[in-house]
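What follows is each chain in one-letter form.
Number of protein chains: 4
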Amino acid sequence: MSSAPQINDPDALVLSPDPSHPANLIPELCAAFYKLGWVTGTGGGICIRTGDKVYIAPSGVQKERIEPSHMFVLPYPQPTTDRIFLRRPTLNLKESACTPLFWNAFEQRNAGSCIHTHSQNAVMATLLWPGGMFEISHQMIKGVRRGGNGPALSYLDTLRVPIIENTPNEEDLKDSMAEAMERHPEAAAILVRRHGIYVWGDDWQKAKTQTECLDYLFEIGVRMKLAGLPTVLN
Amino acid sequence: MSSAPQINDPDALVLSPDPSHPANLIPELCAAFYKLGWVTGTGGGICIRTGDKVYIAPSGVQKERIEPSHMFVLPYPQPTTDRIFLRRPTLNLKESACTPLFWNAFEQRNAGSCIHTHSQNAVMATLLWPGGMFEISHQMIKGVRRGGNGPALSYLDTLRVPIIENTPNEEDLKDSMAEAMERHPEAAAILVRRHGIYVWGDDWQKAKTQTECLDYLFEIGVRMKLAGLPTVLN
Amino acid sequence: MSSAPQINDPDALVLSPDPSHPANLIPELCAAFYKLGWVTGTGGGICIRTGDKVYIAPSGVQKERIEPSHMFVLPYPQPTTDRIFLRRPTLNLKESACTPLFWNAFEQRNAGSCIHTHSQNAVMATLLWPGGMFEISHQMIKGVRRGGNGPALSYLDTLRVPIIENTPNEEDLKDSMAEAMERHPEAAAILVRRHGIYVWGDDWQKAKTQTECLDYLFEIGVRMKLAGLPTVLN
Amino acid sequence: MSSAPQINDPDALVLSPDPSHPANLIPELCAAFYKLGWVTGTGGGICIRTGDKVYIAPSGVQKERIEPSHMFVLPYPQPTTDRIFLRRPTLNLKESACTPLFWNAFEQRNAGSCIHTHSQNAVMATLLWPGGMFEISHQMIKGVRRGGNGPALSYLDTLRVPIIENTPNEEDLKDSMAEAMERHPEAAAILVRRHGIYVWGDDWQKAKTQTECLDYLFEIGVRMKLAGLPTVLN
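Protein chains in written order, with this note's numbering: chain A, 224 to 457; chain B, 224 to 457; chain C, 224 to 457; chain D, 224 to 457.
These aren't lab readings, by the way, just hints derived from the structure by calculation. The reader is advised that the hints may include incorrect statements.
Which copy is meant is left open, so a pair is good if it fits within one copy or across any two.
[Unchecked claim] Capping the alpha-carbon separation at 27 angstroms, the derived lysine-lysine pairs in DSSO-like fashion look like this: (1) K258 with K448; (2) K429 with K258; (3) K397 with K448.
Let the hints inform the model, and build the full structure from the sequences given.
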């Protein structure tokens with residue numbers, strides 16, 4: 224942490240009485256995502272960026288029991304060499320393994336928040352759409368924005384979400400996710416086959432509502448596919 | 224807002240310690256609907272009319288996090304020209320895009336409340352009943368009233384819910400919904416293909432319990448259809 | 224109410240600081256059943272008998288919003304002529320339409336509590352077992368007691384739940400339910416085709432846990448049947 | 224209880240203001256498991272061992288309503304003859320019938336906690352994998368540890384969970400569970416056909432997160448199998 228900025232009291236970065244402070248929001252949202260079945264086990268989570276600071280939850284912990292004091296705070300942008308932190312929890316914790324993937328969303332889409340889920344709706348979609356793209360049309364897709372941060376899609380558009388192949392280590396997904404985001408500038412999220420999804424937005428509200436819309440679409444798409452109904456109309 | 228009535232303190236319309244005040248009920252009910260999967264993303268909602276005032280939630284926000292101060296209050300009836308308000312939230316919010324459709328329920332059925340959901344049970348019903356009508360008989364339909372505000376249906380009746388085709392913009396559904404309501408005076412709700420449903424009632428309790436009954440019937444109807452069981456008996 | 228016993232303060236029958244008082248338990252349990260999907264709309268409910276008093280919720284109300292002051296209290300047994308009450312809510316409410324059916328459980332099984340649900344698991348079971356009996360074996364049936372109040376079933380037994388046909392009015396089920404209970408003394412519950420189930424027990428705890436066990440068995444039985452698996456082994 | 228150690232105030236073993244005390248955690252976790260559908264009726268539960276003391280919930284009670292005062296505390300290890308207790312609840316309760324099976328996890332894997340569920344995902348897995356082993360690969364299995372207490376599995380590994388046959392009495396599963404654990408040292412859990420699962424871990428957190436991961440894998444495995452998708456890739 225040689226080049227880490229000097230912060231007098233790093234804990235002040237995560238201790239706030241304001242419920243809308245990122246260090247309070249992340250535990251609250253992770254608990255809500257747990258109830259939705261998005262982050263069971265210890266998988267998945269959410270990070271929030273407020274300008275030059277990024278708040279990230281620890282790796283490998285029960286996501287519905289995170290506390291503000293467990294948060295990592297990183298400066299944004301990061302140097303290209305070692306990763307540096309403004310604040311680390313005193314407990315023996317490691318920052319989320321999703322960190323490099325969240326960074327894709329910050330750098331390529333200027334996102335203010337990125338969500339990762341292991342939702343079974345997303346995973347089933349990657350199994351029933353064996354190619355490189357989930358597609359659905361004529362459903363309630365207008366809650367999703369082009370590229371995740373552009374204008375909303377219309378009912379008459381076809382929603383397309385690229386699917387990349389999974390790797391044993393989460394961080395090894397960084398390049399293929401970055402490449403998929405670059406090749407598909409209109410993509411609002413990236414599905415990872417047999418694993419889950421990454422969704423971003425300008426702020427946590429937009430990241431969350433877009434994750435909900437997409438999860439809804441994967442669920443109804445899977446139900447339609449299993450019922451023999453076409454998921455894209457011309 | 225040239226012709227808007229003069230209200231000394233518009234905020235007094237939405238700030239009340241009474242939990243049964245519409246401005247308190249709407250946030251509570253929207254949070255409950257979120258848990259039922261009816262209003263994920265930012266879709267769906269409920270409006271309540273008490274005599275000459277209509278309380279409506281904002282558009283495009285997380286429905287489980289609405290606050291009383293976010294409410295719009297409109298006079299009823301409205302002039303035929305511009306829409307007028309008794310109270311608008313100070314935040315930069317837009318009233319629900321469902322407003323013209325809620326108005327159909329007020330004008331054609333004298334409803335005291337109208338609910339809109341994106342429930343997957345309703346959407347699947349519109350996909351598996353490809354014609355213009357969902358039909359089911361010999362189920363627990365007696366919680367549904369004829370026309371939404373008349374006497375309850377009997378176990379021996381057949382429940383029929385008209386299905387209209389979706390449009391890219393919610394407000395463009397107004398005419399086809401109004402026409403379906405007029406053509407089917409016994410209809411207690413209107414399904415919108417690949418989108419959701421509008422259900423009304425004399426008050427919020429009746430609108431809510433009828434929405435629950437109908438959602439239950441769509442769910443069991445879809446399960447029956449997928450299991451190869453007939454959904455209407457003679 | 225000519226022959227009703229004289230009670231000085233009928234409200235004292237339902238107002239208690241004790242959370243285990245029936246008038247407090249019924250609202251709490253109905254709210255829990257709502258979350259399980261057993262009493263959506265306004266259907267279903269629970270009654271509790273403590274010796275010579277029966278506590279019953281009102282008919283046609285939102286079951287998750289019942290309050291102790293909404294309770295009816297009836298003496299047990301009842302005269303064979305008009306129904307009498309020890310206490311009625313001041314609101315314009317009607318006692319549950321299930322009252323005559325709950326009485327079957329009191330009279331024929333000496334039950335201390337009876338639960339009625341519209342659970343879709345129960346209804347689907349009545350559709351996929353078109354005869355007069357739901358049967359399953361080699362599942363976790365040992366939470367169910369013979370006759371609802373006898374010794375527990377064993378893993379090696381076959382659970383049998385009689386199915387009676389529905390009628391337009393709930394009270395018209397009284398005789399066929401009574402007859403099925405008499406014909407099947409080992410039955411722990413009675414299914415009503417296309418409608419739901421009645422389950423009883425010595426007290427509310429046993430009625431509730433048996434309802435949960437049975438609902439679990441209907442759910443797994445339906446899943447097995449739809450997957451082409453046999454539900455009874457020899 | 225002839226050889227039971229002398230404890231001056233046995234209730235002090237279960238009365239603590241610390242929410243992370245096992246006697247407080249077990250009721251909290253059982254209530255959470257109830258919401259997940261793992262312990263409906265009265266089945267299933269969790270035990271926690273802290274060094275030489277084992278905390279176990281009572282048998283045959285509503286698992287979402289357990290209180291700290293209902294806990295049994297046993298010394299670990301136990302003599303080979305009669306079972307002894309450090310503390311029993313004053314109520315007329317029996318310790319969990321799973322106790323001998325929990326002991327397998329303590330003795331064979333040095334576990335600090337063991338969880339038993341009746342989850343339908345686990346039961347369906349035992350029905351759709353009719354042999355002696357549930358197998359899945361290329362899913363998010365990395366939350367599961369080899370043997371339940373070793374290094375985590377990798378995405379490229381195949382998860383294997385042995386399935387033993389059920390018996391009428393829970394305690395009669397002790398030997399076949401012990402044998403399966405010995406024959407499969409890499410097994411992180413033991414499935415019981417038509418009944419449920421036993422999962423252990425170094426502490427309650429690891430037992431719980433591994434139970435969640437496994438339940439997720441049974442759910443997706445069952446969905447894949449029913450959709451005709453292969454669950455193990457080469």
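Structure-based check of all given hints:
Both within a single protomer and between protomers do K258 and K448 lie at most 27 angstroms apart by alpha-carbon distance, with minima of 26 angstroms and 25 angstroms respectively. In this homomeric assembly, K429 and K258 come within 27 angstroms of each other (Cα to Cα) both inside a single copy, at 19 angstroms, and across copies, at 19 angstroms. Neither within a single protomer nor between protomers do K397 and K448 lie at most 27 angstroms apart by alpha-carbon distance, with minima of 30 angstroms and 31 angstroms respectively.
Hint violations for this structure: number 3 only, all remaining hints satisfied.
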